[in-house]
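S.K.: Sequence:
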Amino acid sequence: MRKLRKNSMWQSSCFGWDGIGGVYCVCTGDVLPNGGGMINFKVWYVGSSKNIGKRLMNNNHPYKILFSKGYMPFIRYIETTNYVKIEKRVVRLLNPPMNKQHRRIVFN
Numbered sequence: 001m002r003k004l005r006k007n008s009m010w011q012s013s014c015f016g017w018d019g020i021g022g023v024y025c026v027c028t029g030d031v032l033p034n035g036g037g038m039i040n041f042k043v044w045y046v047g048s049s050k051n052i053g054k055r056l057m058n059n060n061h062p063y064k065i066l067f068s069k070g071y072m073p074f075i076r077y078i079e080t081t082n083y084v085k086i087e088k089r090v091v092r093l094l095n096p097p098m099n100k101q102h103r104r105i106v107f108n
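Under this note's numbering, think of the first position of the sequence shown as 1, with each following residue one higher.
Hints listed in this document are in silico derivations from the structure and should not be mistaken for laboratory results.
Bear in mind that the values here come from a model prediction, so they are computed numbers and not experimental data.
One should not assume that every hint holds.
[What the hints assert, rightly or not] Each computed DSBU-like pair below joins lysine-lysine, with the alpha-carbon atoms no more than 35 Å apart:
no.: 1; residue 1: Lys-64; residue 2: Lys-85
no.: 2; residue 1: Lys-69; residue 2: Lys-50
no.: 3; residue 1: Lys-54; residue 2: Lys-88
no.: 4; residue 1: Lys-54; residue 2: Lys-64
no.: 5; residue 1: Lys-50; residue 2: Lys-64
no.: 6; residue 1: Lys-69; residue 2: Lys-54
no.: 7; residue 1: Lys-64; residue 2: Lys-42
no.: 8; residue 1: Lys-100; residue 2: Lys-64
no.: 9; residue 1: Lys-88; residue 2: Lys-100
no.: 10; residue 1: Lys-42; residue 2: Lys-88
no.: 11; residue 1: Lys-100; residue 2: Lys-69
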């Protein structure tokens, strides 16, 4: 059973995302010691899939691209069957640099 963070519907999983359907964000950030939170948090890409784990295995996926550039990406996700509608809302809200509507990728 996955534990939700207080006041957050976004989850993470140390067991992977295979078979989980929903909306996910590919993120980076630096964890502060002693559970002090995170700094330099950035959402690079927002996607959705019936099987998030299978989607992430594609070598051209932003998760793999960031990893190959030396970043340590991680995934935050929402499990839902209404993933297309939620994905569009989250993309509009966060405007991540690696989503399709952007013509260039900026690494900074």
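S.K.: Confirm or reject each hint.
M.R.: Structure-based check of all given hints:
1. A C-alpha spacing of about 25 Å is found between Lys-64 and Lys-85, which places the hinted pair at or below 35 Å, so the restraint holds.
2. Of the supplied pair hints, the one linking Lys-69 and Lys-50 holds, its CA atoms being roughly 27 Å apart against a limit of 35 Å.
3. A hinted pair counts as satisfied when its Cα atoms are at most 35 Å apart, and Lys-54 with Lys-88 qualifies at roughly 20 Å.
4. At roughly 13 Å between alpha-carbon atoms, Lys-54 and Lys-64 fall within 35 Å of each other, so this suggested pair holds.
5. Restraint check for Lys-50 and Lys-64: satisfied, since their Cα atoms lie roughly 19 Å apart, inside the 35 Å limit.
6. Proposed proximity of Lys-69 and Lys-54 is supported: the alpha carbons are some 21 Å apart, at most 35 Å.
7. Between Lys-64 and Lys-42, the direct Cα distance comes to roughly 16 Å. Compliance with the 35 Å bound is thereby established for this hinted pair.
8. Restraint check for Lys-100 and Lys-64: satisfied, since their Cα atoms lie roughly 16 Å apart, inside the 35 Å limit.
9. For the given pair, Lys-88 sits about 12 Å from Lys-100 by alpha-carbon distance, which is consistent with the 35 Å threshold.
10. Annotation: proposed proximity of Lys-42 to Lys-88 holds, straight-line Cα distance about 18 Å (limit 35 Å).
11. Among the hinted pairs, Lys-100 with Lys-69 is consistent with the structure: their alpha-carbon atoms are about 19 Å apart, no more than 35 Å.
When the structure is compared with the earlier hints, no violation turns up for any of them.
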